[in-house]
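Q: For reference, the chains in residue letters:
There are 2 protein chains.
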Amino acid sequence: MLQIFGSILGVSGGFVLGKEGPMVHTGACIANLLGQGGSRKYHLTWNWLKYFKNDRDRRDLITCGAAAGVAAAFRAPVGGVLFALEEAASWWRSALLWRTFFTTAVVAVVLRALIEFCRKGKCGLFGQGGLIMFDLSSNVPSYGTQDLIAIIILGVIGGVFGGLFNFLLDRILRVYSIINERGAPSKILLTITISIITSACSYGLPWLAACSPCPVGSMEECPTIGRSGNFKSFQCPPGHYNGLASLFFNTNDDAIRNLFSRGTENEFHMSSLFVFFIAIYCLGLVTYGIAVPSGLFIPVILAGATYGRIVGTLLGPMSDIDPGLFALLGAASFLGGTMRMTVSVCVILLELTNELHMLPLVMLVLLISKTIADCFNKGVYDQIVVMKGLPFMEAHAEPYMRHLVASDVVSGPLISFSGVEKVGNIVHALRITGHNGFPVVDEPPVSEAPELVGLVLRSHVLVLLSGRNFMKEKVKTSGSFVLRRFGAFDFAKPGSGKGMKIEDLDFTEEEMEMYVDLHPITNTSPYTVVETMSLAKAAVLFRALGLRHLLVVPKTPGRFPIVGILTRHDLMPEHIHGLFPNLRKSH
Amino acid sequence: MLQIFGSILGVSGGFVLGKEGPMVHTGACIANLLGQGGSRKYHLTWNWLKYFKNDRDRRDLITCGAAAGVAAAFRAPVGGVLFALEEAASWWRSALLWRTFFTTAVVAVVLRALIEFCRKGKCGLFGQGGLIMFDLSSNVPSYGTQDLIAIIILGVIGGVFGGLFNFLLDRILRVYSIINERGAPSKILLTITISIITSACSYGLPWLAACSPCPVGSMEECPTIGRSGNFKSFQCPPGHYNGLASLFFNTNDDAIRNLFSRGTENEFHMSSLFVFFIAIYCLGLVTYGIAVPSGLFIPVILAGATYGRIVGTLLGPMSDIDPGLFALLGAASFLGGTMRMTVSVCVILLELTNELHMLPLVMLVLLISKTIADCFNKGVYDQIVVMKGLPFMEAHAEPYMRHLVASDVVSGPLISFSGVEKVGNIVHALRITGHNGFPVVDEPPVSEAPELVGLVLRSHVLVLLSGRNFMKEKVKTSGSFVLRRFGAFDFAKPGSGKGMKIEDLDFTEEEMEMYVDLHPITNTSPYTVVETMSLAKAAVLFRALGLRHLLVVPKTPGRFPIVGILTRHDLMPEHIHGLFPNLRKSH
Numbered sequence: 001m002l003q004i005f006g007s008i009l010g011v012s013g014g015f016v017l018g019k020e021g022p023m024v025h026t027g028a029c030i031a032n033l034l035g036q037g038g039s040r041k042y043h044l045t046w047n048w049l050k051y052f053k054n055d056r057d058r059r060d061l062i063t064c065g066a067a068a069g070v071a072a073a074f075r076a077p078v079g080g081v082l083f084a085l086e087e088a089a090s091w092w093r094s095a096l097l098w099r100t101f102f103t104t105a106v107v108a109v110v111l112r113a114l115i116e117f118c119r120k121g122k123c124g125l126f127g128q129g130g131l132i133m134f135d136l137s138s139n140v141p142s143y144g145t146q147d148l149i150a151i152i153i154l155g156v157i158g159g160v161f162g163g164l165f166n167f168l169l170d171r172i173l174r175v176y177s178i179i180n181e182r183g184a185p186s187k188i189l190l191t192i193t194i195s196i197i198t199s200a201c202s203y204g205l206p207w208l209a210a211c212s213p214c215p216v217g218s219m220e221e222c223p224t225i226g227r228s229g230n231f232k233s234f235q236c237p238p239g240h241y242n243g244l245a246s247l248f249f250n251t252n253d254d255a256i257r258n259l260f261s262r263g264t265e266n267e268f269h270m271s272s273l274f275v276f277f278i279a280i281y282c283l284g285l286v287t288y289g290i291a292v293p294s295g296l297f298i299p300v301i302l303a304g305a306t307y308g309r310i311v312g313t314l315l316g317p318m319s320d321i322d323p324g325l326f327a328l329l330g331a332a333s334f335l336g337g338t339m340r341m342t343v344s345v346c347v348i349l350l351e352l353t354n355e356l357h358m359l360p361l362v363m364l365v366l367l368i369s370k371t372i373a374d375c376f377n378k379g380v381y382d383q384i385v386v387m388k389g390l391p392f393m394e395a396h397a398e399p400y401m402r403h404l405v406a407s408d409v410v411s412g413p414l415i416s417f418s419g420v421e422k423v424g425n426i427v428h429a430l431r432i433t434g435h436n437g438f439p440v441v442d443e444p445p446v447s448e449a450p451e452l453v454g455l456v457l458r459s460h461v462l463v464l465l466s467g468r469n470f471m472k473e474k475v476k477t478s479g480s481f482v483l484r485r486f487g488a489f490d491f492a493k494p495g496s497g498k499g500m501k502i503e504d505l506d507f508t509e510e511e512m513e514m515y516v517d518l519h520p521i522t523n524t525s526p527y528t529v530v531e532t533m534s535l536a537k538a539a540v541l542f543r544a545l546g547l548r549h550l551l552v553v554p555k556t557p558g559r560f561p562i563v564g565i566l567t568r569h570d571l572m573p574e575h576i577h578g579l580f581p582n583l584r585k586s587h
Numbered sequence: 001m002l003q004i005f006g007s008i009l010g011v012s013g014g015f016v017l018g019k020e021g022p023m024v025h026t027g028a029c030i031a032n033l034l035g036q037g038g039s040r041k042y043h044l045t046w047n048w049l050k051y052f053k054n055d056r057d058r059r060d061l062i063t064c065g066a067a068a069g070v071a072a073a074f075r076a077p078v079g080g081v082l083f084a085l086e087e088a089a090s091w092w093r094s095a096l097l098w099r100t101f102f103t104t105a106v107v108a109v110v111l112r113a114l115i116e117f118c119r120k121g122k123c124g125l126f127g128q129g130g131l132i133m134f135d136l137s138s139n140v141p142s143y144g145t146q147d148l149i150a151i152i153i154l155g156v157i158g159g160v161f162g163g164l165f166n167f168l169l170d171r172i173l174r175v176y177s178i179i180n181e182r183g184a185p186s187k188i189l190l191t192i193t194i195s196i197i198t199s200a201c202s203y204g205l206p207w208l209a210a211c212s213p214c215p216v217g218s219m220e221e222c223p224t225i226g227r228s229g230n231f232k233s234f235q236c237p238p239g240h241y242n243g244l245a246s247l248f249f250n251t252n253d254d255a256i257r258n259l260f261s262r263g264t265e266n267e268f269h270m271s272s273l274f275v276f277f278i279a280i281y282c283l284g285l286v287t288y289g290i291a292v293p294s295g296l297f298i299p300v301i302l303a304g305a306t307y308g309r310i311v312g313t314l315l316g317p318m319s320d321i322d323p324g325l326f327a328l329l330g331a332a333s334f335l336g337g338t339m340r341m342t343v344s345v346c347v348i349l350l351e352l353t354n355e356l357h358m359l360p361l362v363m364l365v366l367l368i369s370k371t372i373a374d375c376f377n378k379g380v381y382d383q384i385v386v387m388k389g390l391p392f393m394e395a396h397a398e399p400y401m402r403h404l405v406a407s408d409v410v411s412g413p414l415i416s417f418s419g420v421e422k423v424g425n426i427v428h429a430l431r432i433t434g435h436n437g438f439p440v441v442d443e444p445p446v447s448e449a450p451e452l453v454g455l456v457l458r459s460h461v462l463v464l465l466s467g468r469n470f471m472k473e474k475v476k477t478s479g480s481f482v483l484r485r486f487g488a489f490d491f492a493k494p495g496s497g498k499g500m501k502i503e504d505l506d507f508t509e510e511e512m513e514m515y516v517d518l519h520p521i522t523n524t525s526p527y528t529v530v531e532t533m534s535l536a537k538a539a540v541l542f543r544a545l546g547l548r549h550l551l552v553v554p555k556t557p558g559r560f561p562i563v564g565i566l567t568r569h570d571l572m573p574e575h576i577h578g579l580f581p582n583l584r585k586s587h
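These protein sequence lines are chains P and G, in that order. Residue 309 in UniProt numbering sits at position 309 of the first sequence, with consecutive numbering throughout. Residue 5 in UniProt numbering sits at position 5 of the second sequence, with consecutive numbering throughout.
Chain P with its partners taken away, still in its complex shape (with noise of 0.2 Å):
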């Protein structure tokens, strides 16, 4: 079923063109469309999608959907499968492999369709470089011992530019998120400054480049004429062309093609890549974060060809690699450096490069400057969810979990509900807390010693208040009513923003003293532990099984059945810390 789904995702994948940033986003977000049941507001709502109205669903959908972004952004399907699995999914199942594998071939067979059809140029620069983007594949490139030291000097020194790029980006980002948060004009203002930025570097720094004689015998035209190519002509004479305007005044897929391009190691000025490089490190700082759709990938590649393509330049005498290559390498640098991904970025690079000579070359690059880079700061994704607050958790308990219990870090005081409870109680509790789960316990004359019976979602226990199905008496039904009230899908997760709200109902005095059966909406098999349970243990658990709640009971019998209920955000260093002020942070 969710196939269907992922060939629709596909479909769309396939269709959406743009760059890595905005396309993993707009996959993400017509996946979580689609995950809502479509957009209400728009009248874009299908009956069906009411099944895919759960968590796991829609957690694996926007999964699909940055598979499938990426998979259309650098045309790489099997890449795009392989980014979903390293960074997309915090929690992976084999079900998931096949589900984002299926995405990402539709993707890839629909926009082979469409590059077929806009072979004859009408669609723009979309066509161009075919399924390959940057296809490098000729002769087998030879390689020696010099050259593998080359390599590996290139790799650390990647490695510290990427880990630079982090601790730059994560600054200006907290920055531009004081600035964006002002409201709307601030952010206009921002973007419009550095738009002017950018454009003044474009245009203002081919100025200080000097003129070349166009080359003798090349294929191409020179100086070009048209939108692409390699030689610019800005202010110079006929027959002459301005590096620097090659590079700054084509799309940033010509300008990677043309760094990566072989066979013309003259073509770039030494001085001409060394202004490049800094104003494309810099730019591609101040530009991601501000209000515009645009990615960290291309900015990183382009900016690691350009630094790979000086080190070749440097090399050149002393190596047989092209300074075309050492830009693929370079870009495979900076992106370990930054993204700290490994085997989606050789694969990526693969399907943009076809230049699977260079694979155990660009194995070891990403090896290396991962290893440089993860010594000074965590990956650029990373960074971003900690900034923005998000309760992610990591892979690994920190170790100073080891030397704490569950129970150490239960907050707030616990509220409960009994198995029959009376609906003011209930109302009460649900407005002056944001709890989104509560532990429901039976105490006589229900049961006859108090019980654990499970737990109830918040937006559960709202739809059924709104049912209005009370009763004067505190005894336990059969269950039955809520057969026969409420269909199977009106217990189902809610779109994002459009759950109902507890505000939204209104109760008289008389229902207010009535009871209401909670049984037939608690989940009567909750994880739980025990008090005494290691917190670093409770920490894997909510990750391994990706959890919201799990109850913390008792260790010792006779006390009121459950302690607590610990949520992601109970797990967080910050709340830790503020229970804690005197834990050492690190190992």
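No wet-lab data here; the hints were simulated from the structure. Computed from a prediction, not measured in an experiment: that's the story for all the values here. Yeah, the Cβ is synthetic: ideal placement off N, Cα and C, and Gly gets one too. Do not take every clue at face value.
Interface residues of chain P toward chain G, partial, derived using beta-carbon atoms under 7 Å [to be verified]:
{"hint": "1", "residue": "ARG112"}
{"hint": "2", "residue": "LEU367"}
{"hint": "3", "residue": "LYS537"}
{"hint": "4", "residue": "GLY558"}
Given the structure of chain P, go ahead and fit chain G onto it with the hints provided.
A: For chain G alone, kept in the frame of chain P given last:
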């Protein structure tokens, strides 16, 4: 730290040469040996290996070893990572991705160096094909709608053949396992029989084929001189070659290369291909499972390629695609139909053939053949795991598990230890059961009421008993004696078959009456579930956390604080169906 290990594995992976089955096995074996701290029997031990004597590191090492095996066998480093991800590891973590990547990167570099070294023909057939074994890269293939239909049909039939292969292989392996269990003579006899059948087929069948005249203007020698080549003369007169002999009398690698080769539409007679297909399909079935190191990948690729070439030759007049590319797609369809892997097969084929342009078609074929074959049975590796009776947990819980609770399947009488237990009781319990974990419960006078302390492992209890730190009185100690008496690694996981046994320990009557404090070696944070927990959820817990034991605790207070222990065997379908014969087997 594990990275160092990965690189050792990587280097060994690079040096071990052969085919996928034995390669994966070899890689995993070396990894397991390292994870045991070397082999004491052959005096290959290193002291620092003791740091990896635990379940998780050993599991990771075996996964890395498998990845190294595939990477070396197919010269496909990224494919190796994905194979390990998709097939070998049931419990994936991002750290593992990085470790397998590290391992295969080292494999790639070592392999590259070895190929370079062997370029001058010093190493027999090893250097052949370079880093890309079956290089197909050439012009961009073009295909239209009628080709797509042909490819979809190819995928469907390939899926059927793949499913049939799995079905037949399962039956044959069941017969073989009965034969192999009879001892070495039967094993050898079986192997000899299969060898004779294989030889008879290889030598006898080519006599059926007619001789073809050598193609005019071919680049290759015809008939072939030496070991490899497309045109074997066999019984034919000079200037002629035998197509069937060209397939049978080559190495499998060369046969695949011949089948994949382009521009050779008429090289193989339809009848030759047909005979070869049937022979290879059947020989592949009967060879796997006999006592020789053979794999499944290469026979399946070979059969698939032949099948694809047959389809390609049949459709020749209607299709633009070369029969060589059809052979590639046929191989993909068979791999998808038997292995049921998608992403890794895609990448392995890409790395084998360097044919990126066919990627969308390969993905499409894999999609179709896997879907079709999934209708019939499970993937070949899953089947083998089931047949071997290993307690392999499915990623999903079986539907009938939703109707059971944890306490339903807890088996046997519960054996638990007191926190301070009489030595005689422990020895008795260890002798009469084979359990690997025992719950520890504090009882008066050690605690006020019976209270669950945690779980002790059999191996740890044995080590503790061997220390003979016994007491006359039943009192709780500070636990410091364990620190004084044992080193940090005495409790480390022993290598397979090397653990202490209860039969190795002898105690006097007096010692049997003494007490030992189990608290210092008790895991006080075991994962627990309430007895009413849905069995489906308990199974998910097992799988997601990679558990071996799960404690089942009572729901209502006042009872003995432990109901039983769940193990993987308790969750196997056979065990559950044994307990509940009326349970429906499927949903």
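Q: Taking the hints in turn, state whether each one holds.
A: Evaluated hints:
The closest approach between the C-beta of P/ARG112 and any C-beta of chain G is roughly 5 Å, which is under the 7 Å cut-off, so the hint is satisfied. Nearest Cβ of chain G to the Cβ of P/LEU367: about 5 Å, under the 7 Å cut. The hint holds. The interface hint given for P/LYS537 holds, since its Cβ lies 5 Å from the closest Cβ of chain G, which is under the 7 Å cut-off. Here the hint on P/GLY558 is kept, as its CB sits about 6 Å from the closest CB of chain G, short of 7 Å.
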